[in-house]
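Q: Work out the full structure, taking the sequences as your base and the hints as a guide.
Using our numbering, you'd call the opening residue of the sequence shown number 1 and step up by one each time.
These aren't lab readings, by the way, just hints derived from the structure by calculation.
Just so it is clear, CB atoms sit at the ideal spot from N, CA and C, and this is done for glycine as well.
Hints are not guaranteed to be accurate.
[Unchecked claim] Per label pair, the in silico range of CB-to-CB distance:
| no. | residue 1 | residue 2 | range |
| --- | --- | --- | --- |
| 1 | 125 | 59 | 38 to 46 Å |
| 2 | 36 | 84 | 15 to 23 Å |
| 3 | 45 | 124 | 16 to 24 Å |
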Amino acid sequence: MRVLITGGTGLIGRRLTAQLLADGHEVIILTRSLEDSASLPQGARAVKWDAKTADGWGELINSDTAIVNLAGKPINHFPFTDDHRQKVLESRKAAGRAVKAAVEQAAEKPRVIIQSGAIGYYGNRGDEMLTEGVLPADDWFGNVCSAWEDAVDGAPTRIVKLRTGLVLDKA
Numbered sequence: 001m002r003v004l005i006t007g008g009t010g011l012i013g014r015r016l017t018a019q020l021l022a023d024g025h026e027v028i029i030l031t032r033s034l035e036d037s038a039s040l041p042q043g044a045r046a047v048k049w050d051a052k053t054a055d056g057w058g059e060l061i062n063s064d065t066a067i068v069n070l071a072g073k074p075i076n077h078f079p080f081t082d083d084h085r086q087k088v089l090e091s092r093k094a095a096g097r098a099v100k101a102a103v104e105q106a107a108e109k110p111r112v113i114i115q116s117g118a119i120g121y122y123g124n125r126g127d128e129m130l131t132e133g134v135l136p137a138d139d140w141f142g143n144v145c146s147a148w149e150d151a152v153d154g155a156p157t158r159i160v161k162l163r164t165g166l167v168l169d170k171a
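A: And the structure:
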């Protein structure tokens with residue numbers, strides 16, 4: 001299977017790329033910076049992408065493709081200003097809209113879009129049982145996660161929304 005990963009030069013993307021390559025998949029990283037892709041696992045291919053439009057990569061999609069959308073400005077930036085918060089939100093929405101547009105324009109539709117999100121969607125709810133049907137928290141994290149996930153809604157393929165928790169690495 002061909003796997004296109006947006007935001008693939010980050011922590012999650014690099015680890016996912018290594019595992020997918022080990023499993024025999026073709027991996028293409030869509031990245032704003034080809035320099036950042038120099039340290040990707042051997043066998044991964046990098047394609048320059050502005051993280052805002054469908055331009056230049058829709059032709060990479062075929063019926064045996066999965067798209068993993070991890071793209072967005074990192075949250076862990078200090079000071080955590082209103083300007084930074086807005087950039088985080090807008091970068092995630094733009095990347096999701098671009099993925100949706102690329103799929104809509106593709107001659108063949110991919111098998112799936114795996115849309116990244118985070119457990120910040122839920123907020124702090126104590127002991128409440130949380131399911132996929134729970135509404136997002138009414139706070140900044142909940143709003144960002146919801147908008148990020150919603151950006152791909154309506155794309156003409158199967159959509160999986162992945163909500164990751166705290167991601168740690170030994171490095």
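Q: Now, for every hint given, state plainly whether the structure supports it.
A: Now for the hints, and whether the structure bears them out:
1. Range check, residue 125 to residue 59: Cβ separation about 43 Å, and the 38 to 46 Å hint holds.
2. Here the CB-CB span from residue 36 to residue 84 is close to 20 Å, well matched to the stated 15 to 23 Å.
3. Between residue 45 and residue 124, the C-beta spacing of about 41 Å breaks the proposed range 16 to 24 Å.
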